[in-house]
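Residue numbers (this note's numbering), protein chains in the order written: chain G, 25 to 770; chain P, 254 to 413.
Everything labelled a hint here was simulated from the structure, so no lab data went into it.
Straight-line Cα separation of at most 27 Å, DSSO-like style, residue types lysine-lysine; simulated pairs:
1) K86/G to K256/P
2) K211/G to K326/G
3) K138/G to K256/P
4) K769/G to K211/G
5) K420/G to K211/G
6) K424/G to K330/G
7) K138/G to K262/P
8) K211/G to K767/G
9) K424/G to K434/G
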Amino acid sequence: MAKDEFKEFKLVGTRPDRPDGLDKVTGRARYGADISAPGMLWGAVVRSPHAHARIVKIDASKALAMDGVKAVVTRADFPTGLTGDAWNLQENTMAGERALYDGHAVAAVAAISKTLAEDAARLVEVEYEILPHVTDVDEAMAEGAPVIREGAADATVPEGMHPNVVKYMEFGRGDIEAGFAEADLVKEHTFKTEAAHQGYIEPHACLGQLGEDGKGEMWVCTQGQWYIRKMCADVLGLDGAQLRVTPSEIGGGFGGKTTIFMEPLPLALSKKTGGRPVKIVMSRSEVLRATGPTASASMDVKIGMKKDGTITAGRAEFRMQGGAFPGAPVDMALYCAFAGYNVPNLEHVGYDVLANRPKCAAYRAPGSPMAAFAVESLVDELCRELGLDPLEVRMKNAVKSGDQASYGPKFGSIGLVETLEATVAHPNLQAELGPNQGRGVAVGYWFNHSGETSVSMAISEDGTAQVSVGTPDIGGSRASIALMTAETLGIPYEDVRVNVVETGALGVNEPTHGSRATFASGKAAVEAARQAIGEMCRRAAKEWGIEPEAVEWVDGAAQPAGPNAGEFPPMTIAEIAGKMGSTGGPISGHHESVPEGVGASFGAHVVDVEVDPETGRTTILRYLVVQDAGRAIHPAYVEGQYQGGAAQGIGWALNEEYIYDDQGRLQNPVFLDYRVPVASDLPMIDTVIVEVPNPGHPYGVRGVGETGITPPLPAIANAIQDAVGVRVRQLPISPPRLLAALKAKG
Amino acid sequence: MSKIHVTTKVNGDTVEFLADPRETLLDCLRDRLGLTGSKEGCGTGDCGACSVTLDGTLVCSCLVLGAEVQGREIGTIEGMGGDDTLHPLQRKFIEHAALQCGFCTPGFLVAGKALLEKNPNPTEEEVRYWLAGNLCRCTGYDKIVRAVMDAAAEMRGEAA
Ligand code: FES
Ligand code: FES
Chain G
25 MAKDEFKEFK LVGTRPDRPD GLDKVTGRAR YGADISAPGM LWGAVVRSPH AHARIVKIDA
85 SKALAMDGVK AVVTRADFPT GLTGDAWNLQ ENTMAGERAL YDGHAVAAVA AISKTLAEDA
145 ARLVEVEYEI LPHVTDVDEA MAEGAPVIRE GAADATVPEG MHPNVVKYME FGRGDIEAGF
205 AEADLVKEHT FKTEAAHQGY IEPHACLGQL GEDGKGEMWV CTQGQWYIRK MCADVLGLDG
265 AQLRVTPSEI GGGFGGKTTI FMEPLPLALS KKTGGRPVKI VMSRSEVLRA TGPTASASMD
325 VKIGMKKDGT ITAGRAEFRM QGGAFPGAPV DMALYCAFAG YNVPNLEHVG YDVLANRPKC
385 AAYRAPGSPM AAFAVESLVD ELCRELGLDP LEVRMKNAVK SGDQASYGPK FGSIGLVETL
445 EATVAHPNLQ AELGPNQGRG VAVGYWFNHS GETSVSMAIS EDGTAQVSVG TPDIGGSRAS
505 IALMTAETLG IPYEDVRVNV VETGALGVNE PTHGSRATFA SGKAAVEAAR QAIGEMCRRA
565 AKEWGIEPEA VEWVDGAAQP AGPNAGEFPP MTIAEIAGKM GSTGGPISGH HESVPEGVGA
625 SFGAHVVDVE VDPETGRTTI LRYLVVQDAG RAIHPAYVEG QYQGGAAQGI GWALNEEYIY
685 DDQGRLQNPV FLDYRVPVAS DLPMIDTVIV EVPNPGHPYG VRGVGETGIT PPLPAIANAI
745 QDAVGVRVRQ LPISPPRLLA ALKAKG
Chain P
254 MSKIHVTTKV NGDTVEFLAD PRETLLDCLR DRLGLTGSKE GCGTGDCGAC SVTLDGTLVC
314 SCLVLGAEVQ GREIGTIEGM GGDDTLHPLQ RKFIEHAALQ CGFCTPGFLV AGKALLEKNP
374 NPTEEEVRYW LAGNLCRCTG YDKIVRAVMD AAAEMRGEAA
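Looking at chain P on its own, in the form it has when it is part of the complex (with noise of 0.2 Å):
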């Protein structure tokens, strides 16, 4: 099947690629670009270990096709940080021991970070009402709770 050129921005970057027309976002991101960081757990929009913002939008990258994102911006875990800082969702992951594989966490916090831009005081139930579409096996979401709950606390200026 022929391929498709797709002209994006990943991370504020912009990128080139061939996309199969079937291929997902994901695919594209890992095979195509090499950005490993989205992981696929599913392929079925039911884990959340591939999530992205697409123009902003939280999405599940394995649901969107590669040949779609056109002229989009994309931002992934791999931009979640800057040059030499980490997002303090990141810290607080860290310090809170707030994964255990590691596997379901670039998802979380892609997601996480979305929660915040939306609402950034939101209450225990709201984060896990938000975060329902990621799967952790490893950690009964206690402590990715708790994290996110103190990064929201400390970036709107409140100490923990």
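In isolation and in its complexed conformation, chain G is listed as follows (with noise of 0.2 Å):
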């Protein structure tokens, strides 16, 4: 579909407030530690101090004398015989023979208070025999490292490899020596990405209750009701759908709350206390300590560039260790290496690697921001021996709609070259550099994706609209759906309200994940709102005793479709609303499935830095993200996913990092130590949304969460490279390791 296909629209594109912005500027909305429960206990966890031990003895003897500590779970009280992805969860969630990382729970309690379950908690003894243990991701593979897990590696791994690796990959196209023997300049290097944790301020928290006959229910914050409540039936051994999960409002996600951590435990002491709700919240150090981080990655990039700065071949090899279990997102970092680039010879090699350190989770366009950091810097470096237009050379080898991506499938509708185009363009590329000051530009890519997704829509008696979805709202997406079925039902916006349902209420849906949650719950309540139109105008036609193909649905109202079928004065929707008791029954719209069509996102990011030589401190002066956005349903919140992406993606290439000491033990669990940025280390953050419509989606929508987190690290890199002439291959580029480079420099 052409840009010019789409019509006007009366309130897709528009601004309104966010329907529940009241709740969330008064204090009233509740998140996932804001609901109590009549007879609630607390409980609280025992964590491994140890990266790899084995657990000789677990006495709990004494908490249990505790007045007021009701029970103490530990693995011997989860089901046994579980494989594959259900025994890896149920593993994190409590620590089986051996624990795994610093941070890894052993055993949990409930009281009735939570001062009493954590005083409980100190006193369950525990004997540990110390392991020895690794948490780098090359010394994991090295010869002689320990091994996390005898018998982890799928079938993929080559015989001979160490047993931490457990996946291996690799895919490629054309012929990778010939396109190199072609290029002017091949440059090959090692970057290396530290892990980063998603570092949503609100901390995991859950509400679970369990009875004897298996039946359950959970209040808790998370990205996907569903994927949850598959996960800890599965872990605790119940029947799915006897567990009836109410997501709480989230205190934001960035993938690290699609999967489960310690949500099964409430459930788990509930049991053991005759079904008593129990009610558990990490604390911040627990968060970082056990909940996923990103993986950490160690990457070979080696690219060839002719003088006119054509790429004629690439190679990248990426080793991520995502913790104890497998799951780095090796796969999409691969797959997204080179997508912006539209290179004949290819070569991707990845290994997924164990090392003691939590298990990782999904974080912002996973795999992504790694991958771009080795491949956007390495290009930058030969832009620059070739004393080339960086963003030229990007706009040379830009891929464009239909082209073969570089992982496989042809690209669909795409909008690089726009994006490209309008970054050009942008006024900031103007603006004058002084001394120790730099620019740099930088690429990003996202799938975006769909998912199961289930979404029903009900009129109600006035003719207004309520919307039942299964994607928690995160950032605004019950604005972007309330506007979308307003808009098709031709009804104002405040006529609709967006709910975000229980497990009981609709059938499956995947997490809010994947920045898929305007795209596709947004798509099935199109297509429910044209379910409850189609049997409007059916009423009505009944009504009018004409047939229903007759009647076409204009502004809100049935109309008669032409003067054929006769004159009859329109039937507002809350005139057909208002009778539907005696005129047929309810009017709902149901619409479940995978939806298809998703689109592809690209973004453009370009930063100006200046770095302080006497500390090695970077300060970023300007920032601009540039991203094709499909088409913004509300873009207040599009440029808020720009610019929240690009303030992440610059704290993990200055500041953020996972920081273990000799013993495998994480020294920085506190926010204090673990700096994301804050106000005073940024400027206003500039965004250009580009418009390139998603012929796949009724309003155009590709998905705006993930894109804008993956080019910071290397335009940060790059405009650093710019100011000092220094170039950082590892993250993150925080002060001291900037000065070290500066004074190797001399």
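Starting from the two chains in their separate frames, assemble the complex, guided by the hints.
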């Protein structure tokens, strides 16, 4: 669909107040920790202080002897015989024979108050036999590294590799050697990124209740109530449908709340206390030590370029550890590595490696930021050496609609070229730079995602509409779904209420992840609204005594489709709804599918930095995000996604990292030391919303959440080189690291 | 451990509760008084999600003990607006889309109000430094800073 085929919309593209705004500025919105239940107990978790240790004995007798302590659970209380992912989840929820990382849960306690539960947890005596550990990805796959779990590797791993390598992949196209031979300049370097945490400000919280009969309920902050229902049911051996999961408001997730960490524990404790509700709220240090950060990566990249900027060949070999379990996003990283470039000759090799660290979880465009750091840094180095403009080189090699993507499939409609054109035209590129200041650019990519989606819509007796969606609203999706529903029905935005519902109310929905809520739930809501419109047209036709096909829906009312259909005044949605009881009963619409037509999204970032040569501190002077949204349903929240993604990327580039000591203990599990950007670290973040509509969505939506975290990592490294002439190939480029690089350069 | 009886004023109302001597003011507000608008993001004074005022001074309620507030006056997010009006900051946060998940929002609003009471005409830099104790992971702060500046302008009687 070309741009001009999109007619003007009344509501789509406007910026109304979000429907949940009032609750969220008054403190009324109820997040994970905000709910209590009658008879509720509090839970606390006992965690391993060791990176790798055999659990010799757990003695909870002292804890259980305390007045008010009601139950202790250990792995012995969980069902046995699980395999595959279910076993991984169970093992991560509660250690079995061995604690696999600093912070791994080994027991949990329920008591009548929070302080008592914490006191009791300290009295649970655990005897450990400390084992050798490894936390670095390269060390973990080197000969002699401690084996984290024998037999964890899948069939993709060639023989002879270290048992910590649990997945191996390679793919490519063309003739890589011939490609490098064609190039005028070939460069190859190793790049490293440290693990970063999603850093949502709301710690995980869960109120769970489970009876002897296997029926249970959960109130929990999660990105996906059905996903965690299945995971908890698997881990505890329950029937999925017997567990009713209500998602609370969610205080950020960024991928980290798509899975479970402690969520089965309130249920397990509840069952042991005769079904009393149990609440567990993680502390910040528990969040940092024991919930999914992203993977750390070590990456070799080799790229060949001609003098005119044409990229002739690329090779990426990525090694990633995602903790003591399989699942580092090395596949996604490789798919994204060269996604922006039309390169004929490519080779990708990837290793998913175990290490004694917490089980990684998705983090905004999982894998893509690391890949971009390596590839976009190296492209910049090539441009620099060949004296080429980095944006022109990206434009020259840019993929276009219909091109074969570096990872195989053909791109549908994409807007990389339009994104680059808008970037070049932006005034920030004309800003003057002073001494120790520099400019960096980089491009990022995310596939976007659809997934299982189920939505119901019902018309009320007064002609207003309610939409039930299964995707928790993290950043304004209620507003965008209400806009699209209202636009489709032809009614005011305020007449639509979007509810995020519990698992009992709809079929299975994938979480709010992969930038899918506005795309998939939005598309399903539009389909559901169209169904209801069809029914309302039928009701009007019946009353008028004409064929339903002779009725059309215009501006929230049924009307005869033309002069031949008959002369009747329009019948409004309120009139039709007002008499639905006598014209055939409730009017609703329902849609469930895995919506097709996902539209991928490219973004380009331009950053100006200033480096203090005395301290190595980098200040962001100006920041520009340009990204293809397809269509911005609520532009303010699209800008917000761009700005938030950029800020997270800036933190990852400059400050954030997991620091382990030689015992494998996390050294910075508090926000004071795991330092995310604060307001005084950042300038305003300029945004340009490019709109190359996605033909696969009724309003052109692509999904906007993820791409934005990807370009900042390399863009900042590139800007720092521009400012002070040193290339840093390891993140974060914290003041001590940059100062050392400046000193080494002399 | 025996509990301490505390009488204090929260948002103008006299309230009483029993505090474990180790419980923070934040715990007492949330779990004893049911005022869950103040949030715990860290418990160590690093995120500002628990911001309240204590006798008019902005504090992290996770760093104050519940037992310390005998006879004091506490202001929380729940008392920020009037009975049927929002504080200009609350309105401007909605208008500027200055919240995504909204978890940090109560803390920013309480801290922002304290700023504007001290300095009704802050520069962008002053806003950024004043709010540097409040973490937001969703917004990149851009729209938050704009909302605070705009609310300040409105409160000074200047047209936006
Ligand atoms: S919870 Fe008090 S500052 Fe974070
Ligand atoms: S809006 Fe989510 S932390 Fe600020």
